[in-house]
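J.: Kindly generate the complete structure, drawing on both the sequences and the hints.
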Amino acid sequence: MAKTGTIVELSDWELVQRCQQGQVSAFQELVSRHYQKVFVVVQGIVNHREDAMDIVQDTFLRVYRKISGFKGDSSFYTWVYRIAVNLAIDFKRQKKRAPMELAERGEGYDEPVEDPDRIGSDPGRDLQRKEIERRLLAAIADLTPDHKAVIVLRAIEGLSYKEISRLLGCSEGTVMSRLHYARKRLLEKLDSVI
Amino acid sequence: MMSCGEIKDSLGAWLDQELDATAAAQVRAHLEGCAACLKEKERLEFLDAALKRVLESRSAGVAFESIWGAVERSIRKPAPWYQRLWDRIDIGLSPLRPAWVLSVAAVLSLGAFFLVRYLPEWSARNSFTFVESLDAHGANVALFRDSGSRTTVIWLFEPPEDQDEVSEEAPAASTGF
Amino acid sequence: MRFLKKRLLLVPAFSLAPWFFGAWLDAGEVAQQVELRIGSILASNQSTDFDPRLAKLKNQLKVFKYQSYKLIKEDHQQAGWNADANFEIPGGRSLVVAPQGRQNDQLSLKVRLLEGEKPLLDTTVRLKEGSNLLLGGPPHEGGVLILSISASAK
Chain E
1 MAKTGTIVEL SDWELVQRCQ QGQVSAFQEL VSRHYQKVFV VVQGIVNHRE
51 DAMDIVQDTF LRVYRKISGF KGDSSFYTWV YRIAVNLAID FKRQKKRAPM
101 ELAERGEGYD EPVEDPDRIG SDPGRDLQRK EIERRLLAAI ADLTPDHKAV
151 IVLRAIEGLS YKEISRLLGC SEGTVMSRLH YARKRLLEKL DSVI
Chain Z
195 MMSCGEIKDS LGAWLDQELD ATAAAQVRAH LEGCAACLKE KERLEFLDAA
245 LKRVLESRSA GVAFESIWGA VERSIRKPAP WYQRLWDRID IGLSPLRPAW
295 VLSVAAVLSL GAFFLVRYLP EWSARNSFTF VESLDAHGAN VALFRDSGSR
345 TTVIWLFEPP EDQDEVSEEA PAASTGF
Chain P
372 MRFLKKRLLL VPAFSLAPWF FGAWLDAGEV AQQVELRIGS ILASNQSTDF
422 DPRLAKLKNQ LKVFKYQSYK LIKEDHQQAG WNADANFEIP GGRSLVVAPQ
472 GRQNDQLSLK VRLLEGEKPL LDTTVRLKEG SNLLLGGPPH EGGVLILSIS
522 ASAK
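Listed in order, the protein sequences are those of chains E, Z and P.
Just so we're aligned, residue 1 is where the first sequence starts under this note's numbering, counting upward by one.
Just so we're aligned, residue 195 is where the second sequence starts under this note's numbering, counting upward by one.
Just so we're aligned, residue 372 is where the third sequence starts under this note's numbering, counting upward by one.
Think of the hints as simulated: they come from the structure by calculation, not from any bench.
Certain hints may be false.
Unchecked claim - Within a straight-line C-alpha distance of at most 35 Å, the following computed DSBU-like cross-link-like pairs (lysine-lysine) qualify: (1) Z:Lys271 to E:Lys37; (2) E:Lys66 to Z:Lys271; (3) P:Lys489 to P:Lys427; (4) Z:Lys246 to E:Lys71; (5) E:Lys130 to Z:Lys246; (6) E:Lys189 to Z:Lys233; (7) E:Lys189 to Z:Lys246.
Claimed, not checked - Pairwise CB distance ranges (calculated): (8) E:Asp142 to Z:Ala257: 27 to 37 Å; (9) E:Asp142 to Z:Asp340: 55 to 65 Å; (10) E:Asp54 to Z:Phe338: 51 to 61 Å; (11) Z:Glu250 to E:Asp90: 15 to 25 Å; (12) E:Lys66 to Z:Asp340: 48 to 58 Å; (13) E:Ser192 to Z:Pro272: 52 to 62 Å; (14) P:Ser439 to Z:Asp340: 17 to 27 Å; (15) Z:Ser303 to P:Arg408: 25 to 35 Å; (16) Z:Ala223 to E:Asp142: 27 to 37 Å; (17) P:Asp420 to Z:Glu352: 18 to 28 Å.
Where is the CB? At the ideal position from N, CA and C, for every residue including glycine.
T.: As structure tokens, this is what we get:
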């Protein structure tokens with residue numbers, strides 16, 4: 001990577017160093033690189049779009065405040081994810097919103113985006129797919145924040161058990177058992193449709 | 195030789211490529227000859243694919259500006275002094291909250307220990323004397339505590355002058371018991 | 372992270388150690404002497420004087436509604452466990468105090484107030500080291516006697 005190149009060509013670590021020197025533009029680039037993935041993970045845990053956006057904003061604000069202390073012991077994205085996941089887990093523990101409550105307030109789950117190529121191609125299969133997704137979302141909502149975190153990080157990010165354990169501050173064995181438990185619970189809820 | 199139950203328990207880790215070589219080989223060999231475990235593996239693969247699809251599709255379409263706008267406004271604004279103080283002391287150990295609680299409790303416990311042990315006057319001011327037994331040998335006695343000054347008092351009352359027990363030889367008022 | 376977690380978890384273990392050590396120390400102190408202090412205070416309405424030597428007890432003495440307080444005698448003695456310490460109290464009275472034991476920073480004392488040979492009061496109390504018990508009521512010289520009883524283990 002060119003050290004004197006434009007910001008978009010710099011590595012995360014080089015951008016962090018520029019942030020530490022006070023360059024807000026470097027931080028903006030870091031946010032633009034990672035916000036989408038952070039949002040996906042956070043929303044997977046909190047299950048609410050507006051809350052997820054607030055948490056993502058809070059995450060990057062904390063990242064900015066603490067960036068002077070970031071020594072590069074882990075990768076930047078691992079560090080950001082750690083903050084984001086912890087905020088999301090804390091949020092879920094504190095709020096404990098029931099899915100029914102959200103629906104009654106009109107804030108419901110975000111409906112899965114329809115794949116335009118598939119709409120109308122096979123109504124029976126579409127119905128089954130929608131039912132699976134509906135049950136899956138309900139089943140995820142029933143998981144504890146800790147179980148949600150591991151399933152989301154594995155399913156979306158494909159992180160290894162080691163990376164997940166570092167992120168969550170637990171052992172690899174704990175990650176394995178939480179994943180096993182979460183998958184088992186989710187499969188139970190999908191029993192009659194798959 | 196792993197049983198079907200053990201294989202099914204290991205399938206998730208096998209699909210995640212987290213098993214060691216020996217265990218992975220055992221799972222692979224078992225799947226070649228067990229329809230039930232193979233079906234379970236397919237269910238897990240289906241689940242993982244559905245999870246990824248569902249979670250990613252729900253998160254589509256978040257505009258960068260909706261995130262960056264709020265973040266930029268906050269970082270341009272100078273943080274209040276208490277926020278700067280917290281940022282210094284907060285070392286981001288929130289996953290270790292139980293350990294934090296334990297550690298704070300431990301420090302408080304240590305402080306309380308030294309206070310109680312080495313500042314008895316302080317601790318004495320904060321504790322009542324406990325009266326386990328009281329016998330006034332027939333006389334009227336009162337036990338009372340004042341919470342304000344943390345004082346315990348045992349008060350002996352003079353018996354009435356017409357009390358039968360008062361001896362004729364006893365002085366009129368000075369003792370009266 | 373795990374290493375740090377283990378280190379943090381060691382902190383509670385180390386900080387609980389003093390309590391166990393303290394309990395061990397307590398156990399070891401059974402054989403030691405107890406210092407007993409008895410203050411004989413005359414409370415009356417004959418004047419409005421407050422003896423400056425009673426400054427530490429001022430808040431406690433406010434519980435009573437007398438106008439003047441005077442320290443007329445102060446004694447201290449050392450006694451072993453279950454041994455009697457005899458104190459002369461004004462007005463021909465005496466106080467016998469016998470330390471019984473120690474439990475959780477509290478000293479257990481048996482206290483007997485006598486007038487001549489006649490027991491007026493028997494009580495067993497538990498008080499924290501440095502704290503006191505007030506025993507009052509016996510009339511004396513136009514007022515009443517209030518005895519302040521305190522103890523500490525040496």
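J.: Work down the list of hints and note, for each, if the structure agrees.
T.: Hint-by-hint comparison with the structure:
no. : hint                             : in the structure
1   : Z:Lys271 to E:Lys37              : 26 Å, holds
2   : E:Lys66 to Z:Lys271              : 16 Å, holds
3   : P:Lys489 to P:Lys427             : 32 Å, holds
4   : Z:Lys246 to E:Lys71              : 32 Å, holds
5   : E:Lys130 to Z:Lys246             : 15 Å, holds
6   : E:Lys189 to Z:Lys233             : 17 Å, holds
7   : E:Lys189 to Z:Lys246             : 17 Å, holds
8   : E:Asp142 to Z:Ala257: 27 to 37 Å : 31 Å, holds
9   : E:Asp142 to Z:Asp340: 55 to 65 Å : 56 Å, holds
10  : E:Asp54 to Z:Phe338: 51 to 61 Å  : 58 Å, holds
11  : Z:Glu250 to E:Asp90: 15 to 25 Å  : 24 Å, holds
12  : E:Lys66 to Z:Asp340: 48 to 58 Å  : 52 Å, holds
13  : E:Ser192 to Z:Pro272: 52 to 62 Å : 57 Å, holds
14  : P:Ser439 to Z:Asp340: 17 to 27 Å : 20 Å, holds
15  : Z:Ser303 to P:Arg408: 25 to 35 Å : 31 Å, holds
16  : Z:Ala223 to E:Asp142: 27 to 37 Å : 35 Å, holds
17  : P:Asp420 to Z:Glu352: 18 to 28 Å : 24 Å, holds
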